[in-house]
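**Student:** Sequence:
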Amino acid sequence: MNILLPLDSDIEDEAKLTSLNEATFWGHMVMAEGRMQSLHICKSAEEITEMIDCIIVQNEKEYVWPYMEQNIAVLIAPTQRYIEDIVEAYIFKELYDISI
0 MNILLPLDSD IEDEAKLTSL NEATFWGHMV MAEGRMQSLH ICKSAEEITE MIDCIIVQNE
60 KEYVWPYMEQ NIAVLIAPTQ RYIEDIVEAY IFKELYDISI
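All the letters of the sequence shown, read from the start, carry residue numbers 0 to 99 under numbering that gives the first Met the number 0.
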């Protein structure tokens, strides 16, 4: 599963999930076999060439329609901000799915 994350830093241990408009970095996280296989942090989402399956955002007020038009699932991390917390919430299905 290829997951896109809008982040505020390019340092993995310090990076926090931020709003789409305020993102200064973008994380490409690969989840497989119940764990994070890899994380690559880029300056722009356009640098990520792999097909994205899902994007994780802070709340339901984010403008996610362009992602939904591309059939990219949108998950909300209501309280999780750090990558480690987001991974754990993803594994235990604690993220909310936005549906139309």
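It is possible that part of the hints are untrue.
What the hints assert, rightly or not - Dumping the calculated EDC-like pairs for lysine to aspartate or glutamate here, alpha-carbon to alpha-carbon at most 16 Å:
(1) Lys60 with Glu21
(2) Lys15 with Asp96
(3) Lys92 with Asp7
(4) Lys42 with Glu11
(5) Lys15 with Glu68
(6) Lys42 with Glu21
(7) Lys42 with Asp9
(8) Lys60 with Glu11
(9) Lys42 with Asp84
(10) Lys92 with Glu21
Simulated from the structure, these hints should not be mistaken for lab results.
**Student:** Taking the hints in turn, state whether each one holds.
**Tutor:** Taking the hints in turn, this is what the structure says about them:
no., hint, result
1, Lys60 with Glu21, "holds (14 Å)"
2, Lys15 with Asp96, "violated (20 Å)"
3, Lys92 with Asp7, "violated (24 Å)"
4, Lys42 with Glu11, "holds (13 Å)"
5, Lys15 with Glu68, "violated (26 Å)"
6, Lys42 with Glu21, "holds (12 Å)"
7, Lys42 with Asp9, "holds (8 Å)"
8, Lys60 with Glu11, "violated (25 Å)"
9, Lys42 with Asp84, "violated (22 Å)"
10, Lys92 with Glu21, "violated (26 Å)"
When held up to the earlier numbered hints, the structure conflicts with 2, 3, 5, 8, 9 and 10 and fits the remainder.
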